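Student: So the chains spell out like this:
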Amino acid sequence: MNKLITYEEAANLVRNGDTIMVGGFLAVGTPEKLIDALIAKGLQELTLICNDTGFVDRGVGKMVVAKMFTKIMASHIGTNRETGRQLLEGETEVELIPQGTLIEQIRAGGFGLGGVLTKTGLGTEVEKGKMIININGEDYLLEKPLRANVALLYAEKADESGNLTYHGTTRNFNPYMGAAADLVIVEAKEIVKVGEISPDDVIVPGIFVDHIVYGGAE
Amino acid sequence: MNKLITYEEAANLVRNGDTIMVGGFLAVGTPEKLIDALIAKGLQELTLICNDTGFVDRGVGKMVVAKMFTKIMASHIGTNRETGRQLLEGETEVELIPQGTLIEQIRAGGFGLGGVLTKTGLGTEVEKGKMIININGEDYLLEKPLRANVALLYAEKADESGNLTYHGTTRNFNPYMGAAADLVIVEAKEIVKVGEISPDDVIVPGIFVDHIVYGGAE
Amino acid sequence: MMDKQEMQEFIARRVAQELQDGTLVNLGIGLPALVANFVPEGRSVLFQSENGLIGLGPTPADDNIDLSITNAGGKPVTVLPGGCFFNSAISFGIIRGGHVDVTVLGALQVSEKGDIANYMIPGKMVPGMGGAMDLLNGAKKVIVAMEHTAKGAPKLLTECTLPLTAVNAVDLIVTEMGVIEVTYEGFVLTEYNPYFPIEEIKAATGAPLIISSALKQMV
Amino acid sequence: MMDKQEMQEFIARRVAQELQDGTLVNLGIGLPALVANFVPEGRSVLFQSENGLIGLGPTPADDNIDLSITNAGGKPVTVLPGGCFFNSAISFGIIRGGHVDVTVLGALQVSEKGDIANYMIPGKMVPGMGGAMDLLNGAKKVIVAMEHTAKGAPKLLTECTLPLTAVNAVDLIVTEMGVIEVTYEGFVLTEYNPYFPIEEIKAATGAPLIISSALKQMV
Numbered sequence: 002m003n004k005l006i007t008y009e010e011a012a013n014l015v016r017n018g019d020t021i022m023v024g025g026f027l028a029v030g031t032p033e034k035l036i037d038a039l040i041a042k043g044l045q046e047l048t049l050i051c052n053d054t055g056f057v058d059r060g061v062g063k064m065v066v067a068k069m070f071t072k073i074m075a076s077h078i079g080t081n082r083e084t085g086r087q088l089l090e091g092e093t094e095v096e097l098i099p100q101g102t103l104i105e106q107i108r109a110g111g112f113g114l115g116g117v118l119t120k121t122g123l124g125t126e127v128e129k130g131k132m133i134i135n136i137n138g139e140d141y142l143l144e145k146p147l148r149a150n151v152a153l154l155y156a157e158k159a160d161e162s163g164n165l166t167y168h169g170t171t172r173n174f175n176p177y178m179g180a181a182a183d184l185v186i187v188e189a190k191e192i193v194k195v196g197e198i199s200p201d202d203v204i205v206p207g208i209f210v211d212h213i214v215y216g217g218a219e
Numbered sequence: 002m003n004k005l006i007t008y009e010e011a012a013n014l015v016r017n018g019d020t021i022m023v024g025g026f027l028a029v030g031t032p033e034k035l036i037d038a039l040i041a042k043g044l045q046e047l048t049l050i051c052n053d054t055g056f057v058d059r060g061v062g063k064m065v066v067a068k069m070f071t072k073i074m075a076s077h078i079g080t081n082r083e084t085g086r087q088l089l090e091g092e093t094e095v096e097l098i099p100q101g102t103l104i105e106q107i108r109a110g111g112f113g114l115g116g117v118l119t120k121t122g123l124g125t126e127v128e129k130g131k132m133i134i135n136i137n138g139e140d141y142l143l144e145k146p147l148r149a150n151v152a153l154l155y156a157e158k159a160d161e162s163g164n165l166t167y168h169g170t171t172r173n174f175n176p177y178m179g180a181a182a183d184l185v186i187v188e189a190k191e192i193v194k195v196g197e198i199s200p201d202d203v204i205v206p207g208i209f210v211d212h213i214v215y216g217g218a219e
Numbered sequence: 023m024m025d026k027q028e029m030q031e032f033i034a035r036r037v038a039q040e041l042q043d044g045t046l047v048n049l050g051i052g053l054p055a056l057v058a059n060f061v062p063e064g065r066s067v068l069f070q071s072e073n074g075l076i077g078l079g080p081t082p083a084d085d086n087i088d089l090s091i092t093n094a095g096g097k098p099v100t101v102l103p104g105g106c107f108f109n110s111a112i113s114f115g116i117i118r119g120g121h122v123d124v125t126v127l128g129a130l131q132v133s134e135k136g137d138i139a140n141y142m143i144p145g146k147m148v149p150g151m152g153g154a155m156d157l158l159n160g161a162k163k164v165i166v167a168m169e170h171t172a173k174g175a176p177k178l179l180t181e182c183t184l185p186l187t188a189v190n191a192v193d194l195i196v197t198e199m200g201v202i203e204v205t206y207e208g209f210v211l212t213e214y215n216p217y218f219p220i221e222e223i224k225a226a227t228g229a230p231l232i233i234s235s236a237l238k239q240m241v
Numbered sequence: 023m024m025d026k027q028e029m030q031e032f033i034a035r036r037v038a039q040e041l042q043d044g045t046l047v048n049l050g051i052g053l054p055a056l057v058a059n060f061v062p063e064g065r066s067v068l069f070q071s072e073n074g075l076i077g078l079g080p081t082p083a084d085d086n087i088d089l090s091i092t093n094a095g096g097k098p099v100t101v102l103p104g105g106c107f108f109n110s111a112i113s114f115g116i117i118r119g120g121h122v123d124v125t126v127l128g129a130l131q132v133s134e135k136g137d138i139a140n141y142m143i144p145g146k147m148v149p150g151m152g153g154a155m156d157l158l159n160g161a162k163k164v165i166v167a168m169e170h171t172a173k174g175a176p177k178l179l180t181e182c183t184l185p186l187t188a189v190n191a192v193d194l195i196v197t198e199m200g201v202i203e204v205t206y207e208g209f210v211l212t213e214y215n216p217y218f219p220i221e222e223i224k225a226a227t228g229a230p231l232i233i234s235s236a237l238k239q240m241v
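Chain order of the listed sequences is A, B, C and D.
Here our numbering is used: the first residue of the first sequence is 2, the next is one more, and so on.
Here our numbering is used: the first residue of the second sequence is 2, the next is one more, and so on.
Here our numbering is used: the first residue of the third sequence is 23, the next is one more, and so on.
Here our numbering is used: the first residue of the fourth sequence is 23, the next is one more, and so on.
What the hints contain is simulated information worked out from the structure, not anything from laboratory work.
Accuracy of the hints is not assured; some may be wrong.
[To be verified] Okay, derived cross-link-like pairs now, EDC-like style, lysine to aspartate or glutamate, Cα gap no bigger than 20 Å in a straight line:
no., chain 1, residue 1, chain 2, residue 2
1, C, 97, B, 33
2, C, 97, A, 201
3, C, 162, B, 139
4, D, 135, A, 140
5, D, 162, A, 140
6, C, 162, A, 183
7, B, 158, C, 88
8, C, 146, B, 96
9, A, 68, A, 58
Predicted, not measured: the structure shown is a model, and the values here were computed from it.
Given the sequences, and given the hints that come with them, work out the whole structure.
Tutor: Laid out in structure tokens, this is it:
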């Protein structure tokens, strides 16, 4: 039942070429130490699914600087000049996805839905090459589900079975990415025994979590 | 900011012919006293959207017995023999909807999505008359969003601005129905001052709640 | 001859053998719910209840009932340490998304293609599908636990005649007569209850029944 | 002549007048964020931040910062009593579902049809749309708060030339020169800043500017 592993073990679960989802919004609610472990391992040719690319020195932005991605799917890259440089110089493929569409695509991928029907993006470059479906006289864009090989998540607190809780705005994309990845690793600021989180307070059920690393102070 | 009203005021907000959503699963997490208030008012020709029709003496089942519905949309009616009788004798229209589809249709109605794409119901009577969309080589049934005039919800605790918390399995359909109705009335077992629920513990944001009635012991 | 309760427990005990360590399982109401009582020693199995909980525990003592903690039959239950509550959208996300390893349900009819009918008899009994359609489409493995016949009439058929709950969904059927796998070739009997001669099992089955070359006795 | 900060505050103060009592409002980063400082006395306005909170409060004192409570710009904020946190799916459900009454955003260009471009300049600057496309489609009322021109070049145009963030989305534009409604007939100037002659406002606008018969001074 105890899902605790080391950062080295965690990094060894990710492979070159993998698609990874990483929780966080401008590096708030991001598993920083897991990111450091992946950088230390020197992984290559990853695809990133994340709300944004953080900052050059914080969040997934550090992996952008380390040139670990061949493709980035995000809603915003404006806070990391290196992502913009790689995009403009053609080094990295960047697909910009509206934030509300991105989280629903991840949810659909994790929850067995065939896609997302949204007005967001209609009449813009986002609709290019996508199916438009008329429902009750209104057009909706069909956006496909997203899944990843590995999800790297942050939590405020985890019990040893992987039940997670959050504080403040650190939830963001974390709660649904766990459902949408084949392997899920959570960096928890605090780890407690099974039973110490009330069943009413659990935000992410432990069944979505494969492994936990300790992210708190040493 | 204080959204507290009386049961009489609550009942007066519902009109003959309205579509109502009612939270609860086999009458667990159902606003029983709100239901009693609607029955006392003698409303007619309502359409019900609810997971099930409860029991003849508990939950929305009491409204079925009072013959208040012309149409019922639910996933299960087997625990209320009166619903079955009204269906078989052609008194009330009953649309059976898979439970996982029903909650997603409500969520789509509340969250501005054009519909739900699911495999559930494919090859069954549920697919009749509906669009089937092939996505990445797989067929999905398109189920349309649901909305209501009024949602009647239960909560374990509400603050005066309408933030809600739940205990146990009383959540079920309650958290999303508030988004999908024009008017939302919550029967809360306990009502506290604004600020007494931690922002981390809120399960339904108060913006989804128009009115609160006190559902606890007198 | 087993009485009804012994028969149901016999079926439930055999189904329980199928539940692997570390899996998430959803049990239907009635006979399938009995399976929880027979999980083999040493296997950690988590039970989900689609009304919104994981970590279903034993029935509470009469003086220790919390009416807000219930199963999908609306009955008071307990939740084990490490359990959690969630809303119906998450519950069916778990189900539809393939996160439930095994679901065990009853059936009115099952076809040799794995089609299943278990939610209505038109004009007679229309309880509704509840969460069954989602479970049948979403769970990784579908086990039907039921009596082999209904008052002597076969429930395992070439084609279902009642409205379907799902097509091509059932993986395994456990009855008081035996264990039947649903394969591309049709029904395959892999285990039999020695109380019933093979010919009687065949006669009680409304479709061809292939006898597995590795046929063994049900334990 | 106003300096840049005065100009931005002038715009923000005027936008704030649009926020009715009891509404839920989402403010973009930059100039739009200043609007929160000018909500008229006596009006209760709730601010949402799309990264996952309702009840955005004032910036915390340096010795009272919680790094886990941030706004959509990633900056530490406070949450007012009665506020709450939620995940991104709920946050954008609130936005897409029409539960946000007003959104205030900046823009690179706005067309007389209400089209808006504000997320990229191809080959030069590609920050991305973040939550802007959802806000423009979902919020009940869209207000653009921006300077009237970009280094003298009009931003209010017959057609946008940059990639659109949304079509037919903008309701009202507030600049340092005036208040412009987007109508079926095109841009209608309803209020003007008397510092700018009407002819100068027209010249700074890259589309026909209808002068409202009820034109008044901006307050």
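Student: So, against the hints stated earlier in the document, which numbers end up violated here?
Tutor: none
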